[in-house]
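**Student:** Chains A and B supply the protein sequences, listed in that same order. Everything in the first sequence is counted per the numbering used here, starting at 1 for the first residue and increasing by one. Everything in the second sequence is counted per the numbering used here, starting at 1 for the first residue and increasing by one.
You may find that some hints are simply not true.
You can't tell identical chains apart in this list, so a pair holds if it fits in one copy or across any two.
To be verified - Calculated lysine-lysine pairs in the DSSO-like style (CA-CA distance at most 30 Å, straight line):
| no. | residue 1 | residue 2 |
| --- | --- | --- |
| 1 | K30 | K244 |
| 2 | K135 | K206 |
| 3 | K244 | K4 |
| 4 | K30 | K206 |
| 5 | K20 | K260 |
| 6 | K260 | K99 |
| 7 | K237 | K10 |
Treat the hints as calculated values from the structure; they're not laboratory data. All values derive from a computational prediction rather than experimental measurement.
Protein chains: 2
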Amino acid sequence: MSFKEEQGKKVEVIETILKKYLPEQEGYQKVIMEAMEYSVMAGGKRLRPMLMLETFHLFGGNSDIIEPFMAAIEMIHTYSLVHDDLPAMDNDDYRRGRKTTHVVYGEGMGILAGDALLNYAFETAAKAFSMYQTKALEIGKAIQVLAQKAGIYGMIGGQVVDVESAGNAVSKEVLDFIYELKTSALIESSMMIGAILAGASEEAIKDIETIAKNVGIAFQIQDDILDVTSTAEVLGKPILSDEKNEKTTYVTLVGLDKAKEYVEKISLEAIELLHRFETNDLFLEELLKSLIHREK
Amino acid sequence: MSFKEEQGKKVEVIETILKKYLPEQEGYQKVIMEAMEYSVMAGGKRLRPMLMLETFHLFGGNSDIIEPFMAAIEMIHTYSLVHDDLPAMDNDDYRRGRKTTHVVYGEGMGILAGDALLNYAFETAAKAFSMYQTKALEIGKAIQVLAQKAGIYGMIGGQVVDVESAGNAVSKEVLDFIYELKTSALIESSMMIGAILAGASEEAIKDIETIAKNVGIAFQIQDDILDVTSTAEVLGKPILSDEKNEKTTYVTLVGLDKAKEYVEKISLEAIELLHRFETNDLFLEELLKSLIHREK
């Protein structure tokens, strides 16, 4: 089976899990369950739950304790998109070719659907306590990481600085901060929770955090690179958009060659770190490489 | 010391705890910490953390394990106000005489501040795992309740139905649903978490849930009653506003006398249930009574 085929099969498995953990559509408040499902089941690569599950397997995890957390991380990722798309934020009417949640359900319900997904992420993750009472400490640690990486010291923090910097020149230090918090944080969370729930050592969890951080930053810089080197046909969206929007990127800050070198460097570091962990399953390594060396 | 004096002293203690658990105002994302503090420290009766702490004491709890949860429930209450005030929701520019969060920090930051508070509520509650590793199961149970009562089967669910019903006639069944979820749910959460973390029995936790539910509903119906029986001077806000807004209330549905009788009935039930638990401290009972029999 090719990597692409394997990835497609894994996406199907993950989407079955997501559906299982989404709330039943019933009760007077049914519309909010509909809006939640509409936004979560809008497609996508399911990257975060996939990284979580693969990392869980890497450390020998093989129970369904991971499932509520896989659903939770995708709910958090989805809520961030729903709120990002709101008129007061990016004001986007379409995402992946479908109308955005607030366009379908109204702006007030768009806000509530995002709130509901964020809250339900923790409600779902906390179901693990009932499923595995003897693992309460590991589950607690996983919930701590889930919250930290999604919050003001993680994704929301990155989002805040990104919003604040719009239209202003940004230093490399600030750009690093935004990339690490806005993109890496949820990837770190995904992989760390996989490791934590599989019972990995503190040291291994630290290594996994570093790997995820590098992968997230490399992914984001690759985005900057493709914006100036790709074509609209390959990318599926307009190129040179950063220049048009006068946006500071790694390419504008250090130049194209240095940006490429840096992606190469931190990718290599990530893969080398991953090799510390013995495994016969090469899917995770291929997945990480596909994120860094993507052409679209 | 009078009840009012005692209540004032307790508010001070609670506000010290809230400040302790709010994030330091530092880093590139500092503005979000400022917006969080602006909204949380806007005053108020601190009813939910107070009920949590008093219930914790009722069952013999006496450690600081309750503190992160007291901060968490107030953060959740506050985020719901911040998002309620947004232009796409109630569009309120003022709350308790101060400009609302989105008016001061902008609409985008208002959305993010609400998100940040909701996320940080769970991040804060989860700190209890590091503080009391041997209590991981109780903390897990408390986090489950925190999430359930704030989410689509609790506060958000009530808010959704309230928003959806605006301008429509509402049946008594739907009104009960809204009151229970929108108002009672967070009061139930507060008191249940106090009981859970103090090690109360399953049966006692159930009783506490019933007490809190009744208090929340009585509180809400008293609101309907005061709108037709009080004066603008006593109430500090316009009276007859429900009639003006063509809002269905308990008074419009069952009439003033029946509404008063019902408040009396469920209040009595709540206080009788409370008497099952022996205590020398009458503050909790006085607090519950003050919520039901308030004149403003």
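**Student:** Each hint: holds or not?
**Tutor:** Going through the hints against the structure:
{"no.": "1", "hint": "K30 - K244", "in the structure": "between (42 Å within a copy, 29 Å between copies)"}
{"no.": "2", "hint": "K135 - K206", "in the structure": "both (20 Å within a copy, 25 Å between copies)"}
{"no.": "3", "hint": "K244 - K4", "in the structure": "neither (34 Å within a copy, 61 Å between copies)"}
{"no.": "4", "hint": "K30 - K206", "in the structure": "between (41 Å within a copy, 26 Å between copies)"}
{"no.": "5", "hint": "K20 - K260", "in the structure": "neither (41 Å within a copy, 44 Å between copies)"}
{"no.": "6", "hint": "K260 - K99", "in the structure": "neither (35 Å within a copy, 48 Å between copies)"}
{"no.": "7", "hint": "K237 - K10", "in the structure": "within (26 Å within a copy, 57 Å between copies)"}
The structure does not agree with the numbered hints 3, 5 and 6 stated previously, though it agrees with the rest.
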